[in-house]
Every structure is written in structure tokens, then in C-alpha cells.
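Chemist: The primary structure of each chain is shown beneath.
There are 2 protein chains.
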Amino acid sequence: MKKFALALAALSLPTFVLAQQSGSVPLERVADEAMVKDEIAWDFVEGITTEVGPRQAGTEAEKRGRDWAVAWLEKAGFENVADEPFEMQTWVPGEVHKAEVIAPFAQPLVIQPLGGSASTGPDGITAEVVYFETVDDLRAAPAGSLEGKIAFISHSMTPTQDGSQYGFAGPARWVGAGIAASKGAVATIIKSVGTDLHRNPHTGGTGFPEGLAPTPAGALAIPDALNLERMFARANGRPITMKLTLTPRDLGTTTSGNVVGEIVGRDPSLPPVLVACHIDSWWNGTGAFDDGAGCGIVAAAALRVSYSGQPLRTIRVLMAGAEETGLWGSKAYSAAHLDEPIGVGLESDFGADRIWRFESNFRESNPELHRKLAKSVARFGVADSRIVASGGADINISRDQGGAIIDLQQDGTRYFDLHHTPDDTLDKIDIVQLRQNVAVWTQVVGILANEAGPIKPKD
Amino acid sequence: MKKFALALAALSLPTFVLAQQSGSVPLERVADEAMVKDEIAWDFVEGITTEVGPRQAGTEAEKRGRDWAVAWLEKAGFENVADEPFEMQTWVPGEVHKAEVIAPFAQPLVIQPLGGSASTGPDGITAEVVYFETVDDLRAAPAGSLEGKIAFISHSMTPTQDGSQYGFAGPARWVGAGIAASKGAVATIIKSVGTDLHRNPHTGGTGFPEGLAPTPAGALAIPDALNLERMFARANGRPITMKLTLTPRDLGTTTSGNVVGEIVGRDPSLPPVLVACHIDSWWNGTGAFDDGAGCGIVAAAALRVSYSGQPLRTIRVLMAGAEETGLWGSKAYSAAHLDEPIGVGLESDFGADRIWRFESNFRESNPELHRKLAKSVARFGVADSRIVASGGADINISRDQGGAIIDLQQDGTRYFDLHHTPDDTLDKIDIVQLRQNVAVWTQVVGILANEAGPIKPKD
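From first to last, the protein sequence lines are chains A and B. Under our numbering, the residues of the first sequence are numbered 1 to 459, in order. Under our numbering, the residues of the second sequence are numbered 1 to 459, in order.
Just so you know, the hints here were simulated from the structure itself, not pulled from any lab data. A few of these clues could be false.
Stated by the list, open to error - Here's a subset of chain B near chain A, in silico, CB distances under 7 Å, partners left out:
#: 1; residue: Phe105
#: 2; residue: Leu197
#: 3; residue: Arg199
#: 4; residue: Arg234
#: 5; residue: Thr425
As the list claims (entries may be wrong) - Okay, derived cross-link-like pairs now, EDC-like style, lysine to aspartate or glutamate, Cα gap no bigger than 20 Å in a straight line:
#: 6; chain 1: B; residue 1: Lys243; chain 2: B; residue 2: Glu95
#: 7; chain 1: A; residue 1: Lys428; chain 2: B; residue 2: Glu95
#: 8; chain 1: A; residue 1: Lys37; chain 2: A; residue 2: Glu364
#: 9; chain 1: A; residue 1: Lys428; chain 2: A; residue 2: Glu39
#: 10; chain 1: A; residue 1: Lys331; chain 2: A; residue 2: Asp400
#: 11; chain 1: A; residue 1: Lys458; chain 2: A; residue 2: Glu340
#: 12; chain 1: B; residue 1: Lys63; chain 2: B; residue 2: Asp83
#: 13; chain 1: B; residue 1: Lys37; chain 2: B; residue 2: Glu51
#: 14; chain 1: B; residue 1: Lys243; chain 2: B; residue 2: Glu100
#: 15; chain 1: B; residue 1: Lys458; chain 2: B; residue 2: Glu340
#: 16; chain 1: A; residue 1: Lys375; chain 2: A; residue 2: Glu364
#: 17; chain 1: B; residue 1: Lys243; chain 2: B; residue 2: Glu147
#: 18; chain 1: B; residue 1: Lys243; chain 2: A; residue 2: Glu51
#: 19; chain 1: A; residue 1: Lys63; chain 2: B; residue 2: Asp83
#: 20; chain 1: A; residue 1: Lys149; chain 2: A; residue 2: Glu128
#: 21; chain 1: B; residue 1: Lys243; chain 2: A; residue 2: Glu95
#: 22; chain 1: B; residue 1: Lys63; chain 2: A; residue 2: Glu100
#: 23; chain 1: A; residue 1: Lys243; chain 2: B; residue 2: Glu51
#: 24; chain 1: A; residue 1: Lys375; chain 2: A; residue 2: Glu33
#: 25; chain 1: B; residue 1: Lys428; chain 2: A; residue 2: Glu229
#: 26; chain 1: A; residue 1: Lys98; chain 2: B; residue 2: Glu95
#: 27; chain 1: B; residue 1: Lys428; chain 2: B; residue 2: Asp43
#: 28; chain 1: B; residue 1: Lys243; chain 2: A; residue 2: Glu60
#: 29; chain 1: A; residue 1: Lys458; chain 2: A; residue 2: Glu368
#: 30; chain 1: A; residue 1: Lys37; chain 2: A; residue 2: Asp430
#: 31; chain 1: A; residue 1: Lys98; chain 2: B; residue 2: Glu51
#: 32; chain 1: B; residue 1: Lys98; chain 2: A; residue 2: Glu51
#: 33; chain 1: B; residue 1: Lys98; chain 2: A; residue 2: Glu95
#: 34; chain 1: A; residue 1: Lys63; chain 2: A; residue 2: Asp83
#: 35; chain 1: B; residue 1: Lys331; chain 2: B; residue 2: Asp400
#: 36; chain 1: A; residue 1: Lys243; chain 2: A; residue 2: Glu100
#: 37; chain 1: A; residue 1: Lys243; chain 2: B; residue 2: Glu95
#: 38; chain 1: A; residue 1: Lys243; chain 2: B; residue 2: Glu340
Ideal placement from N, C-alpha and C gives every residue a C-beta, glycine not left out.
Next comes chain A alone, as it looks inside the complex:
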């Protein structure tokens, strides 16, 4: 306890020590306090978005983000803080992102490249655009039919609380460019996979099949995609030609890293509680919703649990590097630590709006603990669920180990207004909802970190 109390005493951010009373404060009170007083999560997300800003995976900007997070974790009193390096293939967006309709209705459209897009070269390419209402319509296009053309793939996407529409709209981005390229398209543009009406494209990774050279691929802002659709309706069959200029680059192999830090538990022989997020962001926003908030939430929860006394198990924070361009950090962490059992893994990577549903993957194998956890967060407006938690991008290790996973589902109604856009900035975060996240996480992590028995017994 001594060492631990000292670590906290070193903490120089005064608002972080509100309830610190050497184990005398019940966990419930520490969690409740987060609802009205937590400043820790906000401090993290305000700090990293303001002092660092965008943190494109594998770049110098991401490195500054990791350095910033290391310093923050150390200042906040975490132990064993480190930036564990790994190598990755790094793509950067380049400088020029232009789509200009040339005929029949000349006007510029707002576009940004998709992650993995090839470059058109600085002089751009000019070609006829072929419109597909859905990715399935593109799939049905004959082989070779897009030779020399730009494919334009649309879709419709509805905001949903659970984010489930992403699965339906996502393929336009995930696989559309690859399908179009396989049919001869020289480039692909998509309606942004999102639910807003702002001139801020939604980027994100796109993939090309093995053996197929990547082509230029970009996301139009949704108003611009709607405009292009209207052009097709008004062109009466006249061809629509576009000049597209996108200049992303591959930087080859660079070094990224996973930032880790711990609240060390009383019994280091027990597998730790892993709370994860990712530190990188797309270049176009400042990574507030995705995922500065998530890192703030998990770090705040870990600290708050310690306010009610040193936990039995270690709580390990993992701020994974390079999630956005292929889960590089999460995979590297799993590869490096696969033989070190994790007691339970949780991640926060779906914005900063309120948690509404509790899910675990041990409801059958450890019903008592599941019930205890679910019951403990009902007072924060969180419902229990039969859905089997599968975890997210940042906790590959828990899936790889077949370990215990909890998903604290956040309200995603406006997540896809902001996802991967320039609009992902601090001003979108509602501190009231952010604090509810911290409260729920504190309660859940606090119970888990003090659980003596196996969290997911063999089932």
C-alpha cells in the first residue's frame, strides 16, 4: 500500500484526487462521484486533441500523441508506463484531395482519400463516372465493364443506437474499391459511410484483393454524393466526367507503439484487468470521439478504482497504436503478450455518448459475476443483455486467448455523424455523457479488479 499511496501522492493534477482516501471510500461512492465530478477523462481528451491534434497511424504525429499519453499517465500516477514499439506499413493521405465534375455540370465536390488509396499523381485522372446505387449493383456489373471508368458507389445509412447499420453500409467502403478495380475501374469514389449532412468526408480503410494493385479511392462528403446522384438524374444519359486528384503515399515500414500503464494490484499472480482504447486517429479530425474519449474513459476508470483502495488485480491500460489502418497495435500487443493471461478485457472505442447496455461473454459460465456486474450499473441507466460480448478492435489479445470480455455498449446514434471525419473534434463531446461512461467503467472495473476467482471459468 505504501508504494501505491506514494504514486498517487505524486499526482500533480489536483482534480484527480477528489476521493483519494486510502481505501476508505466504497467503490460505489467513487463511481457515483464520477457522474458529477470526473475531470480526468475530459482532461485526457481535451489535452491530446488540443496539444497534439490528429495522430495518423505510424506517423510522427502519432508518436507525439504516444509521448503525450506516456507523460500524462506518468503524471497521473500510473506505474510501469511504457511505449512498446512495433513495426507497421504506413500510409499517409498526402496533400491534394480534389474531385471536380468537368461535364455536363462543372463544379467541385468535397472528397478525401480512403486509407489504402493509391495516388492519381499530382496531375489527376479524368474519366467518366459510372453510378452504382449499392455495392451489390457494383458486384453485378460485368467483368471489364468499368475499364477506364471511375466507379461511384452509393448506399443509404440510418443512425441506430447500436451502430448496426455500419455493417450494412460499410462494404461500400471496405470492399467497393477492390470490386471496382477488379472490373477495370481506374478509381473509385463512394458516398461517405455516415449519417450526417455536412461537407466532411468520412475516411477509413479500404482493401484490395491479393494480387490486385490498389487504385485511387476516395469518399465524397454526403452532400456532395447526393449532388452527384442528382447530376445523374438530370444528365438524361449524358456522360458525367470527373477529374480526380488524390495524392496519398505509402511510407513503407515505420515504427509505431502501444502505450501501456498500470494500477498495480495487491496480487500480481492474478491475471490483470485489461482496459483498452486506441491512441491514433485519422489525419482529418483530432480524434476526440475516436478515440481520445475512450482513452480518457479507461484511464479515468482505472485511477478512480484506485481511489477506493489498491485493487486485488492489476489494472492495465492499453492505448493501442495504429488501430485505424489495420489494428497494427492490437495485433502486435497480442503477439507480444499472448502467453501472459489476461483476466478480462474491455475496450472503449465508440465515441463518448452514454453507455446503455452491458454485455459479457461469461453469462453462462459465471452467471453470478455477470449478474453482479449488470446489477451494479443499473443505477446509471445501463440495461443487461443476453448478447455475447465479442470485444472490439483494441483487445485482440482477449479474443486470441479465448478470455473473458465485457462490452459496455455506448449510444451510437450520432457516432456515424462524426466517425472518421474532420468533425471529430472535442466540441462534440458532452461532458455529462462522458462522465456517465467513467462512472459505469469505474463500477465495472472496480468489481473485476477485486474478483479473486477466475472471471470466465472454463465453460
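Go by the hints and put chain B onto chain A.
Modeler: Quick look at chain B alone, frame taken from chain A:
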């Protein structure tokens, strides 16, 4: 009547002739019908935003907009359609619009130049930023104190139904750069004058005092201005340096024009009803809210009035050129036509949301007509008002003549979310509210165009 009926019969847009029954339809029914059926205003604004897009004053793009409007008016059956040329000084935004914080918190911010901004040159300028919370704080800065610095002017702006906050927040844009330049600033950046939280700067004209050379001046998107404010809070007095690159250009004298068209009345000796809007837009949006919608509304109303029979007075539509960079068209129209009396002037230039208030400048001098008009639109949810109408940017001639003016005030609650931004696109227009505008305008213009006596008797 013959000629008039023929003109309407020539109309090839089928939805425009819903109610055309040679004078047998009461005005009230034609107005009511607009509430549920009008497609005319939408056709105009959809068409010009899709087929032309941005229409920066004095440029080739504005010319395409005027040509498009001339063709549309002719096809719709207007008579005496013309594009009346005038000369103007033309400013264009150029290609490069960048603001990069260099130290201590390096990251790019989203910026666009203000109309009238000078260029930094393609290599940009790097200087320390000095923060002013309001334009009054800037006014209080000592002479010479900004030598070699970039002034950053903030403000706060609240959405209001009547748009009155624009008067309080607007000076940061209107005069801020001039004040800063007079104190030695090498450039000025402002928090966008707007009420949204999207990464879309609000441009607009800025002015410099006589004899002072313009400096570069740009508007940060509001999230970026908030970020910069936080940087000042976190810098603890360390200087914040920025590299600013804005490359607008002056094109010198170019030719613009005012598009006009008429529904010719039965008595050409009576002064016409002038219904105005402006055809140009800032380059960054497609000019849907500002002011494609306004042009659609006034044209739709003029046509709809004709559905209840040829009006007594001529209804003249004025789609003014080059409003945004200095009311060039409105002033040129007044100069060219000052000796041709206008019976009454109205403009629509405040978005596309519902009309909520009726104002005239003849409530004292012609109370009967004021009451009749106000009463006629109460069924559309429009309130009467004692406010004396002063007209807007597009009807200089009515003010110059001291003539009758009516303001049909639109709800401005979300106007400054979109005003002068890239987000001013068709998708923002709510067709239900657009139709209410057409209904109210049809009712009011129909009464005015059939008024035999002077609309604003000498008072």
C-alpha cells in the same frame, strides 16, 4: 390575356401548371396549394445548385448561374427576361487556404479567406498569434502593438429566430481585420461568425479603412477557433506561432449582371411589384440557403400569382448579381432604374425556413392594406408586427426611391449554422418550410399585384 395564356402554355415543366385555369382560381386557393404541392421553388434551387453549383460574384461560374437562371425563367414562361450587365471589382479566393499552428502545439486548423483578404503569397507567413476575446478588446489594444503579429479575434454568437445576434458578432468579421491592420498586424484570423460546430468556415466580406492596404484575413471553423482558444489557455504564456497561407487574388474589373424577368400586368402604367433575391453565392458552398432558395421562392410566387389570372400590375423578378462582395448588382440595378418607380419591393434572402413575421413600412400610411396583407397570411402561421420594414441587400432601389417595402421574415434559428459555409447545400432545405415560403409570398404578392391604388401613399 391571350398572350399571357400562351406564355404559360409554353411552359414545359409540367408540375408548374398545377392550378393554371385562366383566372378562374382564387388567389387564396393558389397560395394554399403551394403549401402541399409547390415544386417550382424546389426545381429552381435544386437545378441551380446541381447544374451550376458555386457562383462566386463576378466570375465565370456566376455567369453560368445567370445563364442558367435566364433559361429557367424563359422556360417557365416569364417575359422580358434579360441579363442586365454591370461592371465590378472582382475578388477570388485562390487555391491554398491553410493555417498551421507551429508551436507549441503543432497541428493544422481549418481556415478559409474572408472576401477582400489579401494574399500571404504561396509561401505563407509565420508569426506569433495574439488572442482577443472580442473585437472590443482588439479596439483597446495600443497602436503599433500588433506589429508583425497575427491577430486572432473571437466572439460568441447565439442562434436567434430573428438573426439579431449577427449584429453583435458580425463586427469581428466586418471590421476586425481593418482594426488589426491599423495596429500593425500582418494578418487577421477570426472565429467564424456562425452558430454551428462543424469544420466549415464561415466566409464573408471584410473591409479595410481607406488608405490602409488589405492584409490576409481568414475565418477559422468554429471547432478550430475553440481549439486555438484552448491552446492559449494551456500555453501558460508561451507564444503561439502559426504559419498562415491564403492565396486570394483580385481580378480587377469584370462584368457581372442582374437577371430580370416579368409576369406582365394588365396595366403597364402602374409601378411594378419587385420581388428580389441574389443569384451569386460564395465559392465554398452551392448557394442553396443563400440564396438559391430565395430566387426559387420569389419566382415561384410570381408564377403562382399568374395562375389566378393576369395580375393588374407587373411582377418583376430581380435576381441580383454579385450581392455577396458588395451589393454590386443591387446598386447597379438602382442606378440604372432609379427613375422608374417601383410600387413595392420585397426580397427573400435569409434561407429557406418558415416565414414567421410580416413587416411593412406603410403600416401608418396605408393601414388598411397593411392589415389586409397581415391578415391574409395569418393562416400560414405568420404574425403581424409593428417593426418598420427596411428591406434587404437586393432591393436598394426601393430604399433609394423611398418606396414601399415589405419584409417577410424567415426563421433564422439555423441560418447562421450554414451562412457562407461549404455546408450551404441543397440537403439543408426542408421542402415543407420552403413551400410555406412560397404560399406566403404568393398570397402577399398576389394582393399587391392587384392593388390599384398607391401602395405607400405619401405620409
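Chemist: Is it true that the CA of B:Lys243 sits at most 20 Å from the CA of B:Glu100?
Modeler: With Cα atoms ~5 Å apart, B:Lys243 and B:Glu100 stay inside 20 Å; holds.
Chemist: Taking only the CA atoms, is the gap from B:Lys37 to B:Glu51 under or equal to 20 Å?
Modeler: violated (23 Å)
Chemist: Could you grab the alpha-carbon distance between A:Lys98 and B:Glu95 and see if it respects the 20 Å cut-off?
Modeler: holds (11 Å)
Chemist: Is A:Lys37 within 20 Å of A:Glu364, Cα to Cα?
Modeler: violated (36 Å)
Chemist: Mind checking the alpha carbons of A:Lys428 and A:Glu39 for me, to see if they're no more than 20 Å apart?
Modeler: Between A:Lys428 and A:Glu39 the Cα gap is close to 16 Å, so the pair holds against 20 Å.
Chemist: Between A:Lys458 and A:Glu368, is the straight-line Cα distance small enough, at 20 Å or below?
Modeler: holds (15 Å)
Chemist: A closest beta-carbon separation below 7 Å is what the hint needs, so does B:Leu197 meet it against chain A?
Modeler: This hint holds: B:Leu197 lies near chain A, its Cβ roughly 5 Å from the closest one there, short of 7 Å.
Chemist: Between the alpha carbons of A:Lys149 and A:Glu128, is the straight-line distance 20 Å or under?
Modeler: holds (5 Å)
Chemist: Check whether the Cα positions of B:Lys331 and B:Asp400 lie no farther apart than 20 Å.
Modeler: Within the cut-off at roughly 9 Å; holds.
Chemist: Would you mind confirming whether the straight-line C-alpha gap from B:Lys63 to B:Asp83 stays at or under 20 Å?
Modeler: Holds, at about 10 Å.
Chemist: For the pair supplied as a hint, A:Lys428 and B:Glu95, is the alpha-carbon distance within the 20 Å limit?
Modeler: Given pair A:Lys428, B:Glu95 is violated - Cα atoms ~29 Å apart, limit 20 Å.
Chemist: May I ask you to test the interface hint for B:Arg199 with respect to chain A, counting a Cβ-Cβ separation under 7 Å as satisfied?
Modeler: Result: holds, 4 Å to nearest chain A Cβ.
When held up to the earlier numbered hints, the structure conflicts with 7, 8, 13, 19 and 38 and fits the remainder.
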